[in-house]
Amino acid sequence: MDFKFDIEKNMEKVRCLETFIEKNRQVPGVLIPVLQEAQGLFGYLAREVMEIIARGLDVPVSKVFGVATYYTQFTFMPKGENDISICLGTACYVKGAQEILEEVQNILGIKDGETTPDLKFSITSTRCVGDCSLAPVVLVNDDIYPNVNKKEVKDIIAKYKVEVECYDHL
Amino acid sequence: MITYEKLVQMSLEQRAILEERLLKEDKIEIKDGFIVLKGDYYKEQIRIALKNCGIIDPGNIEEYIALDGYKSLARALIEETPIKIIEQISESNLRGRGGAGFPTGRKWNEAYKTLSDQKYFICNADEGDPGAFMDRSILENDPHSVLEGMAIGGYAIGSNQGYIYVRAEYPMAVKKLRIAIKQAKEYGLLGDNILGTGFNFDIELRLGSGAFVCGEGTALIESIEGKRGMPRNKKARTSHKGLYQQPTILNNVETIACVPVILQRGTEWFKNIGTEKSTGTKVFALVGKVEKAGLVEVPMGMPLRNIINDIGGGVQDGKALKAVQTGGPSGGCIPVSLMDTPVDFESLDKIGSIIGSGGMVVMDENTCMVDIARFFLEFTVDESCGKCTPCRVGNKRMLEILTMITNGTAELHHIEDLKEIAEVIAETSLCGLGQTAPNPVLSTLNYFYDEYLTHVKDKKCPAGVCQALITYSIDEKCIGCTKCVKVCPTSCISGNKKEQHEIDQNLCVVCGACFEICPVSAIRKG
Amino acid sequence: MIKLTINDKEVSVPEGSTILDAAKQLKIKIPTLCHMSLYDIQFFNQSASCRVCVVEQEGRNNLLPACATPVSEGMKIRTDTKKAIRARRTIVELLLSDHPNDCLICAKNGDCELQKIAADLGIREIKYPGEIATFPTDNSSKSIVRNMTKCILCKRCETMCSSIQTVDVLTEIGRGFDTVMGAAFNLPMDETTCTFCGQCLAVCPTGALSEVNNVSKVWDAINSDKVVIVQTAPAVRVALGEEFGMEVGSLVTGKMVGALRRIGFDRVFDTDFAADLTIIEEASELIHRIQHGGKLPMLTSCCPAWVKFFEHQFSDMLDIPSSCKSPHEMFGALSKTYFAEKMGLKAEDIIVVSVMPCVAKKYEAARPELSEGSSSDVDIVITTRELALMIKEASIDFENLDDKEFDNPLGESTGASVIFGATGGVIEATLRTAYEFLTGKTLENVEFSSLRGMQGIKEATIDINGMSINIAVSHGLGNARHLLEKIRSGKANYHAIEIMACPGGCIGGAGQPFHHGDLSILDKRMNGLYKEDRGKTLRKSHENPMIKKLYDEFLGEPYGEKAHELLHTTYVARKKI
Ligand SMILES: Cc1cc2nc3c(=O)[nH]c(=O)nc-3n(C[C@H](O)[C@H](O)[C@H](O)COP(=O)(O)O)c2cc1C
Ligand code: SF4
Ligand code: SF4
Ligand code: SF4
Ligand code: SF4
Ligand code: SF4
Ligand code: SF4
Ligand code: SF4
Ligand code: SF4
Ligand code: FES
Ligand code: FES
Ligand code: FES
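Chains as they are written, first to last, in the numbering used here: chain A, 1 to 170; chain B, 171 to 696; chain C, 697 to 1273.
Hints in this document: simulated from the structure, not taken from any laboratory. Note that the coordinates shown come from a computational prediction; the quantities given were computed from them, not determined experimentally. There could be a bad hint or two in this list.
[As the list claims (entries may be wrong)] In silico DSBU-like pairs for lysine-lysine, Cα to Cα no more than 30 Å straight-line:
id: 1; chain 1: A; residue 1: 154; chain 2: A; residue 2: 120
id: 2; chain 1: C; residue 1: 1042; chain 2: B; residue 2: 404
id: 3; chain 1: B; residue 1: 589; chain 2: C; residue 2: 1042
id: 4; chain 1: C; residue 1: 1042; chain 2: C; residue 2: 913
id: 5; chain 1: C; residue 1: 779; chain 2: B; residue 2: 404
id: 6; chain 1: C; residue 1: 812; chain 2: C; residue 2: 705
Same shape as in the complex, but just chain A (with noise of 0.2 Å):
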């Protein structure tokens, strides 16, 4: 899925990482520091993000890309402030994992490995989590919810939610 990244939005962050391109653009090597730089601000690495840093440290965009995508440390997509992870390893498998997986993802209409564009939500399939016995499991954050069931995969997505909700109203 491809994420809109709001540059009105970051310009505080922006600026932040374009101070610091521009103070460090003659140190020889610089381009990994300033991937580094720009992964803790955002949290990701963003097309636009990169493509300022290539036109930022006059790189071509392709080796900006080609390194970024090179080590771990770096990653495109940013996280939701929920990240439901759900448990497809074998024992919750044969429990129905999978079918839990397909809800979570209609509900929220993106894949697995990705965040819905406001930032709420994101969905990361994990292996045995080693809570077999209470098969499926399915992981929010550090909520573990046991023996889940397709029904009950939309109230407990509704509870975050509501939580953002009421923060917002606060």
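With the hints as your guide, set chains B and C with the ligands onto chain A.
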């Protein structure tokens, strides 16, 4: 700015203060005038690289100075020529602790002889072996020893710019290093005109970004240059053409930490520790199924058995020792029959393993050697840079074959295929990662061939590790408590209360939940 | 000199040579795959990544890559030990295990270096089957197809694109088994700054990069009831013969015309005619600029890859290239007006097919500026290689064809147009005409030898009527960038510059038979063109009688109103990264 005299004076003053603090804490004793840690765990150890670890406060340069810190640098700058320093390091026979064991003095001499306006001295602190943490310990507990060693090295080869390439996953080490560099600069022990001698040496930190292969020298250099950290096909030695094509020395943290001590206490003293060809000590990360896991520093040549039993307190839970894996993903598995092997560069090489960076994983009878090989291969495949064919494709194929063996789908010829691919990968790979990646496979094939055969022919995992080859069954010890019935995710356990239960093998997904919960160990795995 | 032995034979080579160089001297064959060194154009791909060239050195456990290991005194190398042979074989087996192996339907079938090595090693099974790193095919552009499932990560394309062309489109992405050669953000090629010069595919050893194949479109056109016109570029005739095993550099103009007729084209014309026309327009534009204080230097614009390059990289300087369309586009425009009129046809009734040494011209033909209403000036572009395929498909015995002549009126040409195909040729042809236009005198010695040859940048100062005209010629986009930067910073004082994207010019175009690392092939093709020029009675474009007629009957003044409408074009500023 500090002068040599002031440094000596400060050392005297601070030593007294430090001793007082340490004695109060009752952690140490004083042996031949040296402060050492107390306790059985330390008795058989000789600490050179780790000598200050756990003793001084790493955030306080004065405590480092108290224990003769920066004196070697000061003396080198004031009294010695670069070539004299190199001679002493050569004479001590210090060999690289980063894996390859290359003589440090010889390397320095190459860089020294190569004329250039700009040379670089790099400290390799990328420590990527899973389960190894000796460099981290030095960086976090004694960062100044690394800075001092680097400055001495810089002076010896004629470099005024150092880099420390440290993995980003070590935030504490990074923090300690930053503080240490700042302090050393304030004291005039780094930066311009060190100790008023006119020698300049600066150190810049670079953070690794999650690529194991960046521990390899040329890949690390590419990474500092801001590129994809892929190893170079070496046409010239790094000491001739390294970073930005200039003469460059790359040394491991532990190697560097030894340098000031060698200069301080003399090459004779150092050479008397260890064996003839492998002098000094080596730090190991002793982990796995061992009673007392931790970092140990022992003289080279100490037999494996002594390290594991005398220092590590033997295998955990009274289980039988099966093998020891040394050298991480580049190393090999040493069977229990070879436990008397002395741990030094030559001896380990002879039996198909290496010292490597110093990982030492103890394995007991419950370890499946095929699974271990597969585990390391998984790591290698994840970390291969993908540049050269044998490593990129070969390791993937090996992993696939090992996976087939562990899930019972392999045939006999696969073992032969495995061997052939492994040998070719070792012979033809571009860098050390590929060249050593087959070691875990080759060494287990060599020493545990039967275990491979059992997997392939009998479809059994003798250690009971490989999920697909395991079955769970309930024996007569069962008291019919029904606990297992409740945890079984596929509801495949049946039986009447208080009678022996039974598992329907067709439905069992071998999750092991029943095995874990049974109060009378009536469930058998195998 | 360094002395060493290979397979017990002694040899001396200069310091810095590789084992491979030394083996070549001894005529010992070592297979290679990733390695490619084109000394003439400073292209060195020494990634040492494939490892098929490994050899054994006495006393060493590990094998050495011959292509990237420098020789040392007293070295003892063996290429024929059991160990070396097994390693070579296993490595190719590993490569094939990560390969689709669908040679029969592959663009490179019969011309693939991987296929050849596998054949030479007699490989008969995929010994270690396993997962194949698979990637979607990129069909986005009009010029290049990327099928990265077939890529062996030799990096030749990246080296070409970055070091020689300095376009920097391609990079390795990701790492390990899943590494893929691609553009930033995995963008499809048509969304990048790619110039479509195709030099990446010209050096790709496999079918991972190939041209967009338009052969079936041409057959469809021929089988339709429209009038199908074909035109052939100058560089095609000195290369086409290679595809039929003829000697490199053979001129096969007559046979080519014969084959095109047999294939069924309604008219067989020559792009050379339009090249002559281009010269008239370009020379006139140059003179106009010189005489009216116009922007100088003037850059040639007949290479579409070069045009796209400056649109991306030098969009602040769009006023310096000549506004002339490339020859085949001029030809297309005339076909659908002048020729159509003559034949009483409508533009829509005509299909123009260009046979070009070039893959960029496929993209160029689709540029919106280069069409009149719904009808493109040129409808279909095929390359020299695709034409050879059509000839083979029609089972025409090419070598034994009789020589035939181009049709008229768009078939006549002069020697000036023939040399268009080699670097320096366009400017040389322009000078021949500009000289006579400016001085009114006859140019006796028409050959400007200082503008010929494979040097990356050539310069000359030519005296015309007491005025010193500074000329530069470059081929390869890296050289072009160098010149452009000099101009931008005001350090250059040229009047006219010829730029071709491909090393050697169009004779080295990406649509030509593959040279597989042997650049002497380009020299031979170049000589072939110069020979053809020398053999012509008319060697200046403005002497072409059909061109004169064209202006009289149809176009009016050179560089005039009608000429502008049909023969000139505009450029657009494009994104730099
Ligand atoms: C894949 C690979 C990873 C390596 N990782 C490290 C590392 O993390 N730390 C290290 O000091 N050396 C590492 N090395 C060894 C270095 O290449 C180099 O030999 C060493 O840093 C030289 O220092 P020394 O002579 O002091 O040992 C690695 C080598 C390879 C092939
Ligand atoms: S051996 Fe592996 S890590 Fe080393 S260069 Fe080759 S692919 Fe990269
Ligand atoms: S191993 Fe798991 S699935 Fe099999 S019987 Fe025990 S609890 Fe049930
Ligand atoms: S938990 Fe153990 S004792 Fe209890 S029923 Fe199951 S097998 Fe028998
Ligand atoms: S790239 Fe070569 S080897 Fe691969 S399918 Fe095509 S012709 Fe065959
Ligand atoms: S070479 Fe083999 S596979 Fe290919 S067409 Fe001939 S018979 Fe078929
Ligand atoms: S066609 Fe030319 S510009 Fe485009 S990727 Fe290939 S080499 Fe680079
Ligand atoms: S696309 Fe072709 S030239 Fe480029 S790396 Fe792959 S095989 Fe080599
Ligand atoms: S030089 Fe010729 S073949 Fe190459 S891109 Fe330009 S026009 Fe095409
Ligand atoms: S399989 Fe899901 S928790 Fe173990
Ligand atoms: S040709 Fe030598 S490594 Fe590829
Ligand atoms: S193809 Fe026409 S000038 Fe090159």
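Going through the hints against the structure:
Only pairs whose Cα atoms come within 30 Å are accepted, and residue 154 of chain A paired with residue 120 of chain A is accepted, the gap being roughly 15 Å. In summary, the hint linking residue 1042 of chain C to residue 404 of chain B is not supported, as the alpha carbons are separated by about 65 Å, beyond the 30 Å threshold. Only pairs whose Cα atoms come within 30 Å are accepted, and residue 589 of chain B paired with residue 1042 of chain C is rejected, the gap being roughly 71 Å. Restraint check: the Cα-Cα separation between residue 1042 of chain C and residue 913 of chain C comes to about 21 Å, which is no more than 30 Å; the hinted pair holds.
The straight-line distance between the Cα atoms of residue 779 of chain C and residue 404 of chain B is roughly 22 Å, inside the 30 Å bound, and the hint therefore holds. Of the supplied pair hints, the one linking residue 812 of chain C and residue 705 of chain C holds, its CA atoms being roughly 27 Å apart against a limit of 30 Å.
The structure does not agree with the numbered hints 2 and 3 stated previously, though it agrees with the rest.
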